[in-house]
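Visitor: Taken in sequence, the protein lines are chains A and B.
Take the first sequence: its position 30, counted from the start at 1, is 30 in the working numbering, and no numbers get skipped.
Take the second sequence: its position 511, counted from the start at 1, is 511 in the working numbering, and no numbers get skipped.
By construction, these hints were calculated from the structure, which means they are not laboratory data.
Don't take every hint at face value.
Stated by the list, open to error - Label-pair restraints from in silico Cβ distances:
hint : chain 1 : residue 1 : chain 2 : residue 2 : range
1    : B       : Lys182    : A       : Asp156    : 54 to 60 Å
2    : B       : Glu262    : A       : Lys227    : 27 to 33 Å
3    : B       : Leu403    : A       : Asp156    : 46 to 52 Å
Stated by the list, open to error - Covered stretches of chain A (chain B as the covering partner; in silico rule of three or more C-beta atoms under 8 Å from a C-beta of chain B):
hint : region
4    : 10-17
5    : 25-39
6    : 92-103
7    : 130-137
8    : 153-166
9    : 170-182
10   : 220-226
Here the structure is a predicted model, which means the values were calculated and not measured.
All C-beta atoms, glycine included, are put in the ideal place defined by N, C-alpha and C.
Chain residues, written in single-letter form:
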Amino acid sequence: MKVVIFSTCVVDLMFPNVGKAMVEVLERFGCETYMPMQQICCGQPTYNSGYIKTTKHVMHNEVDALLSVDADYIVGPAGSCVNMLKELPGHLQGEPAYQAKAQAVADKTYEFSQFVYRVLGIENAGAQLDAVATYHRSCHMTRLLGERVSPFALLDHVQDLKMVPLPHIENCCGFGGMFSMKEPEISKQMVDEKVNDVISTNASVLISCDPGCLMNIGGRFNRRGEKITIMHLAEVLNHNVDMSRVTYVDSKEGVLV
Amino acid sequence: MKTGMKTATMIRNSDHDFLTRVKESEADTFAQKAVAKAQDAQWVKREGAREELGNWEEWRNLGEQIRQHSVRYLPDYLEEFSDNVEKNGGHVFFAQTDVEARDFIVNLAKEKQVKNVVKSKSMVTSEIGIDKALLKIPGMNLLETDLAEFILQQDDWDEPTHLVFPALHKNRDQVREVFMKKLGYEGDNDPQHLARFARKVMRERFLKNEMSITGCNFAVADNGMINLDTNEGNADLCMAIPKIQVVCMGMERIVPGLKEAETMDNMLARSAVGQKITTYCTFTSKQVDGESDGPEEFYVVIIDNGRSNALGTDFEPILQCIRCASCLNVCPIYRHIGGHGYGSIYPGPVGSVLSPVLQGNYDDFADLPYACSLCAACTATCPVKIPLHKLLIKHREIEMDDLHQSKLIDDVVMRVVGLGTGHSSLFRTALGMDHAMLAPLTKNQPETAENLYSNDKHLEWMPFVFGGWTKVRDLPDPPAHSKNFRSWFHTHEPVAADPKVAQHTAQREKEIKAEGKA
């Protein structure tokens, strides 16, 4: 299976480990990975800030970059950015040439956990992590992309990992892209509540499928001097892997929808 | 929005700027806790009530269709409704502005020599400032009869903080104090005792008043009736006792017929208070001959006040709103800044969309579209599927692209970000340089958030708009160019595929292609 890696600007700028983990997991599962270097960013930060005109060429660049390799799928490590790719055809209405290309991108793009669980049909990725962890369910991934199942299904099968529920799981962590920078006073209150909720679970690891949220919550943990380990789901699935543990989704449930 | 639009002039309810209001809200720890507690409790009740109904997403689709249809054919339904009110012996007044609406009601009160007015259940009367205008009439007595509004009135007209729970920010001790100071209450702080006392005060007033002013949940076009949903019954007493009733409604609060009203009532009660239906769900019009109660004179004031600014624009869906406030009850921003933080009589996500639309410009509400993390909880809960978070982006687009309202330096920074994320050569240069350029800002300190923040270095200060980030939290030190993801990908040796899993993947590929899904 040919897979284009949609790296996202946050992973490119900040978190090489997340990108590496995603690539290694996919390759181990038999995917050929491609990374078009022309790609940069889906355009979400400036688009959501109201700079719609300025963002058009960002979206054009990303669409051209992701289509520059003739692959079956585009896979990214961020629910929010993946959702933005899904929304691009709508944002590029009135530009027929790019809208059609954006549709082609949207049709074959998946968030990492979705791709592993729904497309590859893997439920136990063979990983092992001896820890108590809780999961931050990011807003765009759950509500806009509509993916509530895949990350939990995969985490449930990580050996020795005990998942504990996070209070107020539906509430935003206060990242919201540029919101975190433009409205730090409100954002601080939101991320503080999230940090307190995570602490209340006594989990030692916080897992999510959105590097942006993890950067926000982790950054606040660090500022407050509270101890936590922050992991992206790809890093969890790439941890102490033993391929003999891999199992597959055998029912139709959970398979490509 | 175009210039020269109709302008609602009285929806702003605070003289403080946005940041000051946010700080005031943060300092009010009681109100903050009350909001969070109410949100958590409402979550359970609301989701339970919706689940019990079943097929909630289908109900939402129906709710959206009914409201979209009503708004699309608004002139027709308003005309039909108006004709039917007149047929029933009532009167209709169309007010384009808050001034027109206010003047009509004030003149009516003067003409009828009214000295006692009771009010119930209306946000739109706040929009037109009717209370203060009526109280200027010499000898006028005016009483709010919704318990929460009654408390706020007694507390020197404190501003409401919620569409459905206006006095959410007050606790029982504060209420007791207000009642003692203003009404001579002598009892304890038991909510039941306080409510019983308020009821006694109100009952006496119901019996001697000449005019009532109520709001309107839905106006039913095909029979000219007004639908009110309440839990206290005070609106029913307002409608039953006085000879003159004035109904104030925003012009969009219309449904074609009773069937649609029933559907919307069902969805409203579940969304607003987590009930199947409110205790009182009343349909009314002018007293019919032979009836023992109800108004002898019945006036409906249909108020535009900037609503038509939305018609035919991207903001038209905001007119679908049924004021259930479930968007407030799920909003993480409302959770932390409360109703007073918004500075508008319409708080929360709906208020952030609606306030600039009603005002017709961004003079007072430029910050509101940014008081949102775009988490889309509001959009997901809205029973009539208003795409609230998308409408907030639309406001931002107008503010930035059309009106250039950004602070100069932030504007330049955002345009540079736009440039840098759109041209790969510029981005690659930035990727190569960020580590070196930011190096002087990094701090060598033990990291407590491990793994993602495990470079043993982080940033505590950033320039420009990015400073908002480091004001609150640390930023990881960006990796050196040679260590970033792209450089790694360029040189990495692909991990050997596990034969068994690779076989499964190849099989999946075949299956998917056979199903025509890839």
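Visitor: Now look at each hint and say whether the structure bears it out.
Guide: For each hint, the structure was consulted:
With their beta carbons about 58 Å apart, Lys182 of chain B and Asp156 of chain A fall inside the hinted range of 54 to 60 Å. As the Cβ distance of Glu262 of chain B to Lys227 of chain A is approximately 55 Å, the hint placing it in 27 to 33 Å is violated. Between Leu403 of chain B and Asp156 of chain A the beta carbons are some 50 Å apart, a value that agrees with the proposed interval 46 to 52 Å. Coverage of the region 10-17 of chain A by chain B holds. Counting CB-CB distances below 8 Å, 7 residues qualify, and the rule asks for three or more.
Counting residues of the region 25-39 of chain A whose CB lies closer than 8 Å to any CB of chain B gives 11, which reaches the minimum of 3, so the coverage claim holds. With 0 residues bearing a CB less than 8 Å from a CB of chain B, the region 92-103 of chain A misses the requirement of three and the coverage assertion fails. A count of 0 residues in the region 130-137 of chain A with a Cβ less than 8 Å from any Cβ of chain B is obtained; the coverage claim is therefore unmet, three being the minimum. Coverage of the region 153-166 of chain A by chain B is violated [criterion: at least 3 residues with CB-CB distance below 8 Å; count 0].
Counting residues of the region 170-182 of chain A whose beta carbon lies closer than 8 Å to any beta carbon of chain B gives 12, which meets the minimum of three for the stated coverage. Under the rule that three or more residues need a Cβ within less than 8 Å of chain B, the assignment of the region 220-226 of chain A holds, with 7 such residues.
Violated hints, in rising order: 2, 6, 7 and 8; the structure is consistent with all others.
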